[in-house]
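*Asks:* With these hints in hand, go ahead and build the complete structure from the sequences.
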Amino acid sequence: MRVHAQRVGALTGGLLFPALSMADWTVNMTPGVTGTSNDIFNLHMTIFWICVAIGAVVFGIMFWSIFAHRKSQGAKPANFHENTLVEVLWTLIPLVILIIMAIPATATLIDMYDTTESDIDIKVTGYQWKWQYEYINEDFGYFSNLTTPSDQIRKRQTKGENYLLEVDNPMVIPVGKKVRFLLTANDVIHSWWVPDFGVKKDAIPGFINEAWTRVDKPGTYRGQCTELCGKDHGFMPVVVKAVPEEEYNTWVADQKAAAEKERELTQKDWTMDELMERGEKAYATACAACHQVNGNGVPPAFPALRGSAIATGDMAAHIDVVVNGVSGTAMQAFGGQLNEADLAAIITYERNAWGNNMGDMVTPKEIFDYKNQQ
Amino acid sequence: MYLIFSFAMFLLGGTMAMVIRAELFQPGLQIVQPEFFNQMTTMHGLIMVFGAVMPAFVGLANWMIPLMIGAPDMALPRMNNWSFWLLPCAFLILVSTLFMEGGAPNFGWTFYAPLSTTYGPPSTTFFIFAIHIMGVSSIMGAINVIATVLNMRAPGMTLMKMPMFVWTWLITAFLLIAVMPVLAGVVTMMLMDINFGTSFFNAAGGGDPVLFQHVFWFFGHPEVYIMILPAFGAISQIIPAFSRKRLFGYASMVYATGAIALLSFLVWAHHMFTVGVPVAGQLFFMYATLLIAVPTGVKVFNWVATMFRGALTFEAPMLFAIAFVILFSIGGFSGLMLAIAPADFQYHDTYFVVAHFHYVLVPGAIFGIFASAYFWLPKWTGHMYDETLAKTHFWLSFVGMNLAFFPMHFLGLAGMPRRIPDYALQFADFNMVSSIGAFMFGATQLLFLLIVVKCARGGEKAPAKPWEGAEGLEWEIPSPAPYHTFATPPDVK
Ligand code: HEM
Ligand SMILES: [Cu+2]
Ligand SMILES: [Cu+2]
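Chains as they are written, first to last, in the numbering used here: chain P, 1 to 374; chain D, 1001 to 1493.
Hint data in this document are derived by calculation from the structure and do not stem from the laboratory.
Remember, predicted model here, so these are calculated numbers, not experimental data.
One thing to keep in mind: the hints can contain errors.
As the list claims (entries may be wrong) - Example chain D residues on the side facing chain P (calculated, C-beta under 8 Å, incomplete):
no.: 1; residue: 1102
no.: 2; residue: 1107
no.: 3; residue: 1112
no.: 4; residue: 1243
no.: 5; residue: 1244
no.: 6; residue: 1348
We put the CB at the ideal spot given by N, CA and C, even for glycine.
*Replies:* So this is what it looks like as structure tokens:
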């Protein structure tokens, strides 16, 4: 019978699905590379098999009835419609199963919440639409932006291997160390997820959430933002590189040195051309998501900067918008996100690109002073 | 009226789902831009929940409850009229936001602040009004059901003799009255935040975005039971009818429904496991959620026991009812998995959740509605519907729906987040399968329209009781049911 064949097919399909793991037709969760993710995977498989078992019994009886008690087969209806014993039994048995299930789940959950005694603390801040990672014990930090070119997204170019899951600056952590994440957000709620770690936590403005991980295997692990955060919610991946400890230490030293260099950049004397060149690049990463590469924006949500009153008006007002943002809108305060050289370069660029021929410039030093006055 | 409106909304919401699935057919952005994609998911969710499922059940209640309890009509016909006409107004406002500057609401049907307040499009204020109007309409509908059921039962129809559909609706009505004001409250707070400078949900002003989620889900979780309990009731009418055997464990069905309704107020934070609720709270909500599986299980067992040793036939209502039990159980299983808080950290906000709630909503609410429609169409129109077409409708829907939603489990487990217009390459294959299933399911629904129109226009005359095993007062009057049936109340033994 067709009904039957269908359902049996569905059921065996269901039974087999953990076993069928083909390259692109992945059907199951991966166990991941941390203790937590393995615990979760085990819970997931246990509850899955419990469901399969209950399903097999219940659907089994149902199919049996469908098969054997058809009127067309001359079945005569029985007359029972109550039985206190079975009714009590099928209330109690599921209850017991659930309690058995709840015990390991409770243990795992308590373990996941134990964020004490971490070796490294990283502050993760969600922005529309990028992540900021600050190594709070080491005094440096940076932003992590999607690098997939828009041409690949708009189908003008073939897609790369890590399409939509690649960033310019991944988070770097050492293997074998307990890393604690302190999560918050600057604008709307985001959620930071790395499936292989079994870590997913919401980043909420005004709150600091905690999560932790200890990765055993070096590698590059990819995830995504999982809380709807506006237009580019699908375009803010999370990439974490887990490296051996020595490599991590050299990396930290490099980062610190680079942070030092940036400070020096502020003191350097800049020419208009240098600022324009730097500005074009920095604009493309920090501003183009909203105001577009060509400066036309996406009105009415994101205004055009080409010919805008501010970009072609008073310099102080322009600096104010970029450094302090416009509160209550998507225009963030970039003062704390970008270094002085980039801020100066971007502002200069905006005043002189796309036909905004203001001919003036602002230097990193001036930005530095401006920030200090506030 | 309600039913026609709700079917129109189902088609509109369905069309939006088709846009979503078309965009997700392949990786890359091809048909719509991310802004518009977000508007589509939001409107799809809102329209399906508030426009298609809820009015359909109110419609069934209006039509069937008086017939089932031996009353001439609903207790408050004028209120009924109001509560209906508010709906088209609400949805006119909601749909018109699509054409406003800045576009329609784009923050998901859960409209989490501050994305929906500080960062929301200008049309949000209209969205809030639409929600208010719908809320008023639902509350009026609920009051009417309660008044009718409590005051207008025929002599001899004690509460414990009422048909299950009436029982589940009575409980649903109380749920509605309890939670719609909460929804109204939360949207009013949003309105104040947006237009009057308050900071309920704005962290910069000392507000609390998490508060929003607590209030929303205090409404939201009972809301999902509002969408499913009436379907439970209808299925509890249909399965006995085609098994030719009384419903097994009537009393335990009533208690289970009550238990589900009460527990539904204690589980809201299972939607918020990743928000950072303290561990004790997390555990409480995990246990409470697991507990809700017990009465739900009881219902499923009772349905199977009703079929067991019956004399079964498989007309369209029964087919939909059986599919309901199986597929809703699958949705229940994935719900159980989601309730395991540590595992939910991996499932949350992925396609696994999308699969889960579509398994409870499409075969649950929607198949429940189809089953009811086929079951009672002869009573409404006085004609039999075309059984062959109806069976075709069933099979195409069944295959399409599984093809569309089963692969979503895999996508979620493999790590695809929900509410994204574009995805990494490893998700491509199952997305394509899912889209094909969705198109199939969507197209099939036009067939339903055809069947209903055909049945209303004519066809084989239906006797008072077209289904051999059906029981209840509604089958004792002629088909179609005359206006103001039971002017003199029937006696119920
Ligand atoms: C016609 C068949 C349907 C298809 C193909 C479909 C497809 C989808 C898809 C693909 C999504 C996920 C969008 C995303 O996360 O990016 C979605 C979301 C949703 N669907 Fe459906 N759906 C259908 C029917 C229904 C029905 C009948 C209901 C409810 C009663 C429903 C309620 C929802 C809700 C509440 C959401 C969540 C919206 C949000 O994320 O805010 N859908 N649907
Ligand atoms: Cu996001
Ligand atoms: Cu819920």
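*Asks:* Against each hint, give a clear statement of whether it holds in the structure.
*Replies:* Hint check results:
1. 1102: The hint holds - residue 1102 (chain D) has a Cβ within 8 Å of chain P, the shortest such distance being about 6 Å.
2. 1107: Nearest chain P Cβ about 7 Å off; hint holds.
3. 1112: holds (6 Å)
4. 1243: holds (7 Å)
5. 1244: holds (4 Å)
6. 1348: Since the shortest Cβ distance to chain P is 6 Å, the answer is holds.
Every hint from the earlier list agrees with this structure, and none is contradicted.
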